[in-house]
Each structure stands twice: as structure tokens, then as C-alpha cells.
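**Student:** Sequences are here, hints too, so could you generate the full structure?
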Amino acid sequence: MSGTGGIATLAEHKRRRIDELTARTAEAGGVSLLRDAGRRLLRNPTAVVGAVIILLFLVIAVFAPLVAPHDPVQRFPELTRDLTVDAIPGASAGHPLGSDPLGRDFASRMIYGARQTLFVGVLATLIGLLSGVLLGAVAGAAGGWVDVLIMRITDVLLALPSLLLAITLVALASRSTQWTVIIAVAVVNVPIFARLLRGAMLAQRESDHVLAARALGVKRRDIVLRHMLPNSLTAVIVQATLTFAVAILDAAALSFLGLGDPDINRAEWGLMLGVDGVRYFEVRPELAYFPALAIIAVALGFTLLGESMREALDPKNRR
Amino acid sequence: MPLLDVRDLSVVFQRKGTRPVTAVDGVSFTVEPGQTVGLVGESGCGKSVTSLAIMGLLPRRGNRVGGEVRFDGTDLLTLRPRDLRDRRGRDIGMIFQDPLSSLNPVIPLGLQVAEVLERHQGRSRQAALREARGLLDAVGIPDPARRLKEFPHQLSGGMRQRALIAIALACKPRLLIADEPTTALDVTIQAQILTLLKDLVDRSGTALMMITHDLGVVAGLCDTVNVLYAGKVVERAGRHDLFADPRHPYTHGLLQSVPRLDADRGGRLHQIRGSVSDNIPWPEGCAFAPRCDRVNDACIGETVPLAPTHRGGALRCTNPVPQEVSA
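Those protein sequences? They're chains A and B, same order as listed. Those letters in the first sequence? Residues 0 to 318, per our numbering, in order. Those letters in the second sequence? Residues 2 to 328, per our numbering, in order.
Among these hints, one or two may not hold up.
To be verified - Once the Cα atoms are required to be at most 20 Å apart in a straight line, the calculated SDA-like pairs of lysine to any residue come out as:
| no. | chain 1 | residue 1 | chain 2 | residue 2 |
| --- | --- | --- | --- | --- |
| 1 | B | Lys150 | A | Arg34 |
| 2 | B | Lys17 | A | Gly142 |
| 3 | A | Lys218 | B | Ile108 |
| 4 | A | Lys218 | B | Val107 |
| 5 | A | Lys218 | B | Asp92 |
| 6 | B | Lys150 | A | Gly142 |
| 7 | B | Lys173 | B | Thr196 |
| 8 | A | Lys218 | B | Gln122 |
| 9 | B | Lys199 | B | Arg88 |
| 10 | A | Lys218 | B | Asp87 |
| 11 | B | Lys173 | B | Asp73 |
| 12 | B | Lys150 | A | Asn230 |
| 13 | A | Lys218 | B | Arg88 |
| 14 | A | Lys218 | B | Pro106 |
| 15 | A | Lys218 | B | Gly57 |
| 16 | B | Lys199 | B | His241 |
| 17 | B | Lys173 | B | Asp203 |
| 18 | A | Lys218 | B | Gly158 |
| 19 | A | Lys218 | B | Leu80 |
| 20 | A | Lys218 | B | Asp203 |
| 21 | A | Lys218 | B | Lys150 |
| 22 | B | Lys17 | A | Trp144 |
| 23 | B | Lys199 | B | Pro34 |
| 24 | B | Lys199 | B | Lys150 |
| 25 | B | Lys150 | A | Pro229 |
| 26 | A | Lys218 | B | Lys199 |
| 27 | A | Lys218 | B | Thr196 |
| 28 | B | Lys173 | B | Gly158 |
| 29 | B | Lys150 | A | Asp35 |
| 30 | A | Lys218 | B | Leu59 |
| 31 | A | Lys218 | B | His271 |
The hints are simulated quantities; they were obtained by calculation from the structure and are not laboratory data. Small disclaimer: the values here were computed from a predicted structure and weren't measured.
**Tutor:** Rendered as C-alpha cells:
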């Protein structure tokens, strides 16, 4: 009896196994590379936390005029009336975080700061990404002296600490605006993207499918644009997400040091931290805490998402 | 005139500061229109390098290619890169060993088939995609309309190789070079792919140059077989002659090593002693000499020439295996 029972269980086990396999195959069918990676991202709590943080700040930034209780540059005379160094008004009705030393609503300035910070971070990253990808693609596709030239330039840029380089670039400009900051932070990241992409392109150049494409007589331009470049972008996409964090920190650091846009009306976390936060730290530490925490939170969000993307897009993790 | 006439092809790899390595050493053979020719040999004998040299696909640096590769009268080795690119994929198609890595992982299959049609036949994207559907259908891929939109990793190994065959034959080339097309596949799929290949080349009149280490593939497919050893052709014969009556000790040894269903049970499988790394350089004699059972003094010391045989092939041996006397 036990024999038949064993056979029955075995058959049952096999059937279940087959069902499992078919289910998994069906699931895998119609799933593209990116969608597959996206699905794995959603299952990863780290990625979700990162994405939620970013989304939160993004919503606040986009809908700043709706979310903020007041105009960030509007001064409230009743809040500044008795303004002395040790009497900056704290929270009151209509002003949940109180005001800054100039009597502007602090909560509104924090909210508009998200807009400014993300704007600088996104633009600096995008400009750095595009220029880096362009340089890296040219270097990797052309090879020879073009490659050597581009790589030596990136070596020089990489040799300098990123913040020092950014400070130097800002100092070179006659008048600092937010664009000087954006360009400086972008330039700092160009060599990283260029190197990454070049490396991936070189690996692609030796790959079987590029050889197969060459065997079909595909034109060199198409080999680079259709076969090498799209397969080289994974590392760059991950790096871009991580670069958002670095760009935001760098931009904040430049403002903190007083190298950003000197416009005192602009709500910018780094500037808020560097001017009022430092000056009034002993009387109103919130003026430093809130911008600092906001900067950390956004940078953390992008780092968490970037790291999980690196994992999700790694072909070795595909199941 | 033969369709492909390879004369004295040689490929020498050299990096600065290293000894040059001769991978292909004066290989000559021809492929007639519509014929299937096999290039057989073990790993490292120069099969794949020969095919890459014919296609002009070797890396630009670090190697020297000599000899002539006449395709339809034109020497491909002296052609400008631009002109050679125009011919690749249009006049000569090629399929590789590993079907997964030979397909671009981020592009849907349809576009990869369409790409070659757009490139060589000036089709519009729409027309090319429509034609691609027919091509996938012709190589036996079920539900081609759906497969066109799928990515390589969603297809099975056999289907990927079928797709590669469809791409290689899309422009109806006159020659198809297949570099171990079935090595990465299961035995059952191997048989299907070989049948498909044979069927397609027979129907379209495409000549096929089959590179393989699998004698079973040769037996089923090739009209003429070139056996390569250490970068040189050691024996050339028609399929029947080669299998019925191998003359070179290397060929003989290879055929002896194939397991047979009708052999005595428990008998040991024949093997060729030594390994391919045991060869002596060709100018000092036969490279196979250290592994050969029939080695004699004439095998060592001087180059053994490739001599024509009376049955229309060629042989490079001083002491060939005697012809079997048919009973």
C-alpha cells in the first residue's frame, strides 16, 4: 500500500511542479526587460521607500503654490514688528513653522525650497548625463586618439574633488546665478557618466550580437546607435539616479557657502541653512534643522532608489 | 567558376612582445553554387577564424590576413570596408553558435529581422516588418505576428536559432556561413534546425559553408568535407568517400571515435591519444605526427604537401590509411 501511496504522491508532486513551471513561463511571457526590472523594484521595500520619499517631494514641488500657506517672499509686518535677534516669532496661527528673520512664512519657504532643490538637481543631472553620454559614446565608438583624448580630459576632471571643482567653476563665473550652480554641478558629473558609458560601449563592441550585426552589414552608425548604445545604458541610468542625490547635496553645499544665487528672495534650502540657520542656530535651531533634514531626506530617497535600481537591473539577478 | 574560392588563406595573430600565432595556415577550398561544404575539426583548429577572415570580421588590429578570398570573382580581402559591408548580409549570410547572445537583447525580434531588409533592400519599416512576418513563418516559428513584438529572452533556444536563420537568409544570399549553428542546442532541436537549414538551402539554391566539430552534422548535410588540423586542411573528400574510406589517420581516428549503436557492448571507445596542443609546427613536419599511430620518418623534418587524390579530393599525409578493399 505504501508503494502505491508513494507513486500517487510522486505523480501529484510532478503535476504540481509542472503547473508551477507553466505558471512561471506564462508569467514571464510578454514581460519586457524593463517591465521585469520594474516589477522587481516594486517588491523591494528599499526601493518603495525611496520612491515614496521622492514622490512626496515631487508632489510638494510641483504643487507648491497650492500646498504653501503663503507666498514665500511675502513679509508679514506683524511677525517682524518686534524683530530682535532673540525674538524671531515661532509657530502661530496661519504660520505653522513661524517665520524667518525677515518675517516670511517659513513653511512656505520650505515648500518652495523643494521646487528649487529638485529643479537644480534634475537639471544638473540631466545636463551632466547628456554630455557624459555623448562624450562616452563618442569615445567608446570611435576608439583610437579620440578615445585617448576624451579619457585624459575626464581623468583631469576626476582628479579634483568634486566640490572643489564645482567651487572653482562657480568662482570662474563673473556673476553667480542659479545657472552657474547647475552648470558647475553638471560638469562635475560629466566624467563619471562618460567613463561609465565608454566602458560599457567597449564591452558591447566585443559582444556576439554586435559581431552578428556586423556580419549582416549593418552600418557603423546603426551599430553604435541601435546595438551598442541601448545595451550600454543600464549602468548610466542607475548612476543618474544616484547622481541626483550628489547633485542636490553639491548644489546645497554651494549655496551654503554663499556661492549660489545671491538673490535673498529665492527660497533655497542650502541658502536658508547657510544664512539664517547658522546665524540664528542658538535661538531658533528649527531654521537649520528643517532645511538640513529636507536635504538629507531627498538625497536619501534618490540613494535608496538608485541602489535598488542597480540591483533590479543587474542581469545576474534575473530569475 | 566556384562561388567562393579561398586560396592560401592565412591568419597570423600577433600582439606586441608575443610570439606570433598562426591560426590559419594556407587554407584553400572552394564552394560551388548551391553546394554544401563542411569545415570540420576540433576546437582551436582554425575553423571559426577562417569564417571570420572570409567575412572580414576579424579585429582591425593584432592580426595579419594573407591569401585570397574570391567571392563570385571579387577578392573580398582587398575590398574597401564600405563595399564589403554592402555585401555582408546581402550576398553572404552568417549564423553563429550561440543564438541568445547573437540577438540584440533590447530590441524586439521583428525590428532585428526588419533591420537587414531596410539596410540591403531599401524597404520601409512597414514593408520590412510585413516581410519579416513571412520570413519567421518560413523558418517554422509559430504565431509570427506575436513573436515579432517579443524580445529574444522570451523565445526558446530553438526559436532563437530559427530567427537567426531567418535574418541570415532574409536577403536571399548566395552563400550562408553557419558557424556551429547547433552546438548550443539540445539534440532534438539540433535535428530540427539541421533539417530546416537543409530544406531552406535546397529550396533557395543557397550555397552553405558548414563549420562544425560534429561529424553527425557533416554526414547529414555536406556534399564535400574539408578536415582541418592545426590551421591546415589535412583531407578533403566527398561525404561518402570520407565516411566510407577516410585516408588521413586523423580523419580515420575521428570516425573511429564516434560511438556506434551496433558496436559490441562493453568495448572501449576508440580515442586519439594526446591532445591538440601536442602539435609540432607545420614547417618541421606533420603537426599531427606526435599523436599519429602511423607516424614514420618522412612525417618529421619537412613539410607535408596537400596532394590531390584520384577521387577528386586532397590529402596531406605521407603514410595514409590504406584504402579498404571492398569485398
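**Student:** Which of the numbered hints are not met once you compare them with the structure shown?
**Tutor:** Going through the list in order, the structure violates hints 6, 9, 18, 20, 21, 24, 26, 27, 28, 31 and respects the others.
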